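The primary structure of each chain is shown beneath.
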Amino acid sequence: MPESLVGPPLARARLHAVGDGSTEDSEARSQQRTIAGPPVPGDGQEPPSPTPPEGSRLGALWSGLWPKLAALALALTIWELVVLSGWRPDYVLPGPGAVFSRLWTDLLSGDVLVAAAITMKRALLGYGIALAAGVAIGLLMARVRVLRTAAGSLLTGLQTMPSVAWFPLAILLFQLSEAAILAVVVLGAAPSIATGLLNSFDQVPPLLVRAGRVMGARGLGLYRHIILPAALPGFLTGLKQGWAFAWRSLMAGELLVIIGHAPSIGVRLQFSRELSDAEGLLAWMIVVMLLGVLVDGLVFGTLERIIHRRRGLTGLHG
Amino acid sequence: MSAALPHLPKLLASVPAPAARPVALRLDGVSKRHGAGEDAVIALDTMSLSVRAGEFVCIVGASGCGKSTMLNLVAGLDTPSAGQVHVEGGRPALMFQESALFPWLTVEENVAFPLQMQGVGRGERKQRVAELLAMVHLEKFARRRPHELSGGMKQRVALARALAQRASLLLMDEPFAALDAMMRDHLHLELEQLWQQTGLTVVFVTHNVREAVRLGDRVLLLSSRPGRLVAEYQIDIPRPRRIESTEVARTAREITDRLHEAARGAGHA
Numbered sequence: 665m666p667e668s669l670v671g672p673p674l675a676r677a678r679l680h681a682v683g684d685g686s687t688e689d690s691e692a693r694s695q696q697r698t699i700a701g702p703p704v705p706g707d708g709q710e711p712p713s714p715t716p717p718e719g720s721r722l723g724a725l726w727s728g729l730w731p732k733l734a735a736l737a738l739a740l741t742i743w744e745l746v747v748l749s750g751w752r753p754d755y756v757l758p759g760p761g762a763v764f765s766r767l768w769t770d771l772l773s774g775d776v777l778v779a780a781a782i783t784m785k786r787a788l789l790g791y792g793i794a795l796a797a798g799v800a801i802g803l804l805m806a807r808v809r810v811l812r813t814a815a816g817s818l819l820t821g822l823q824t825m826p827s828v829a830w831f832p833l834a835i836l837l838f839q840l841s842e843a844a845i846l847a848v849v850v851l852g853a854a855p856s857i858a859t860g861l862l863n864s865f866d867q868v869p870p871l872l873v874r875a876g877r878v879m880g881a882r883g884l885g886l887y888r889h890i891i892l893p894a895a896l897p898g899f900l901t902g903l904k905q906g907w908a909f910a911w912r913s914l915m916a917g918e919l920l921v922i923i924g925h926a927p928s929i930g931v932r933l934q935f936s937r938e939l940s941d942a943e944g945l946l947a948w949m950i951v952v953m954l955l956g957v958l959v960d961g962l963v964f965g966t967l968e969r970i971i972h973r974r975r976g977l978t979g980l981h982g
Numbered sequence: 027m028s029a030a031l032p033h034l035p036k037l038l039a040s041v042p043a044p045a046a047r048p049v050a051l052r053l054d055g056v057s058k059r060h061g062a063g064e065d066a067v068i069a070l071d072t073m074s075l076s077v078r079a080g081e082f083v084c085i086v087g088a089s090g091c092g093k094s095t096m097l098n099l100v101a102g103l104d105t106p107s108a109g110q111v112h113v114e115g116g117r118p119a120l121m122f123q124e125s126a127l128f129p130w131l132t133v134e135e136n137v138a139f140p141l142q143m144q145g146v147g148r149g150e151r152k153q154r155v156a157e158l159l160a161m162v163h164l165e166k167f168a169r170r171r172p173h174e175l176s177g178g179m180k181q182r183v184a185l186a187r188a189l190a191q192r193a194s195l196l197l198m199d200e201p202f203a204a205l206d207a208m209m210r211d212h213l214h215l216e217l218e219q220l221w222q223q224t225g226l227t228v229v230f231v232t233h234n235v236r237e238a239v240r241l242g243d244r245v246l247l248l249s250s251r252p253g254r255l256v257a258e259y260q261i262d263i264p265r266p267r268r269i270e271s272t273e274v275a276r277t278a279r280e281i282t283d284r285l286h287e288a289a290r291g292a293g294h295a
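Residue numbers (the working numbering), protein chains in the order written: chain A, 665 to 982; chain G, 27 to 295.
Hints listed in this document are in silico derivations from the structure and should not be mistaken for laboratory results. Computed from a prediction, not measured in an experiment: that's the story for all the values here. One or more hints might be untrue.
Claimed, not checked - Facing chain A, a subset of chain G residues (Cβ under 8 Å, in silico):
| # | residue |
| --- | --- |
| 1 | Ala62 |
| 2 | Glu124 |
| 3 | Arg210 |
To be verified - Cβ-Cβ distance ranges computed for the label pairs, FRET-style:
| # | chain 1 | residue 1 | chain 2 | residue 2 | range |
| --- | --- | --- | --- | --- | --- |
| 4 | A | Gly816 | G | Ser89 | 46 to 54 Å |
| 5 | G | Ala204 | A | Ala735 | 54 to 62 Å |
| 6 | A | Ala724 | G | His286 | 52 to 60 Å |
| 7 | A | Leu804 | G | His233 | 55 to 63 Å |
Quick reminder that beta carbons are idealized off the backbone N, C-alpha and C, glycines included.
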């Protein structure tokens, strides 16, 4: 008997328009026209237009860019003024001109590229392991309530602990090796990622979960099809925080765990200090900052923009 | 219990007598308690009802009458504290007051979702989604995302998605409550036509008595705290009905009076 109720082929059930004009047409028309037409048995409000016109896009780019450029100019000016004031001799605190020309030579010689490659390789490896571990821990704690109760505060404790504090132990366990650095990077980032995942699950609208269950999503399918995608914007915040922790732990690690044959950014910084090479030191600091901004803005910023645009969460991003 | 309305002539002679059709949904003495001990709240109290296949039943009651609790039980999202729920023909489809569309999917992906869950192949999915979107007049919006649609359009996508489930029973939890009057009138007509053409069984929960009379073959009246079935009205006004018509208004008034009575009764208790 249930089958008989499934009804005739859907094509037959296609609705005929109400009154004289077809609804789909009048509604589509009301979409294209921006002025209000005669009352249509369609929708009261117009859906927002998905893309702004070209001109305003360039304008938006510029209006986003100039404050950044102004802030940069201001920072460089203050730096230069401090140097000019003679507060410290310029072999200790060189001005921006000297530092940037040094950065340029290091860039041309390939030193920056080599160091950045070593450091980024560690960062990616460590972050990758932290991501896998964090997601696994987060999922497990979300699924098993007792585990969450048991390990929740432990996770918070791990997250608030400065990861540098792990280094003495890591060096004891792994000596001055890649493994020591990697271990601390993972320990720094994984709790943030796990916590971020848990928090983002808590913020999934229960209505969407109900809807998913009604439509037959159960168990792991519910996670895969509903909870994970619904949690994605919140999870991204956790990922971003995890990255920040990984990057900080890595810098600390490279300063403490010097591996001679791997001239990473940290090694370069440390050598510059030992050689009292202030120009080089500041140039490498700028490299650290630029890499951080690059990953944060380019990788996470782009992901955030895509997700927010798709879901219409553009209120904060303009 | 049954209060047939004497002033309304029976005009639906062409439709098979409802009593001849099989039962699609039956509740036998269903109760639902939330919490335990002293603090327990009885949301539903020994509710018994049956809905025949192809019937359009509206459930009306003030807030707190356990309407949503009942739908949750029928949808299998919750289990009754006592009694039994029988649903024929597999898991029912459920539509909410909010569209509950998935914001990370496009309109067509949303409609395809229940098909995907049922393991329907890609090709068939595509074809069915196109048919369903045509049914709700949204084929031009297939690639849009939910946030680009207005409230009425979202509810129509939600309806298409519910229909995609191919359930024989469609549960609707105040699906048009958040829409403006004109949109609502329009969707009443669309829903009525879809129902007539597909032979679906519909259980439609609302607090709007006129809406219930506009749509239902039968209107069930629930009291509040605890939710209990207090009256049942057979609506024999010929279709398509208009929500402004005098017959609808008169019947709605009668039901509303009874509803107030029930509410006062609950207040005294």
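Hint check:
no., hint, in the structure
1, Ala62, "violated (19 Å)"
2, Glu124, "holds (6 Å)"
3, Arg210, "violated (11 Å)"
4, Gly816/A x Ser89/G: 46 to 54 Å, "violated (36 Å)"
5, Ala204/G x Ala735/A: 54 to 62 Å, "violated (44 Å)"
6, Ala724/A x His286/G: 52 to 60 Å, "holds (56 Å)"
7, Leu804/A x His233/G: 55 to 63 Å, "violated (43 Å)"
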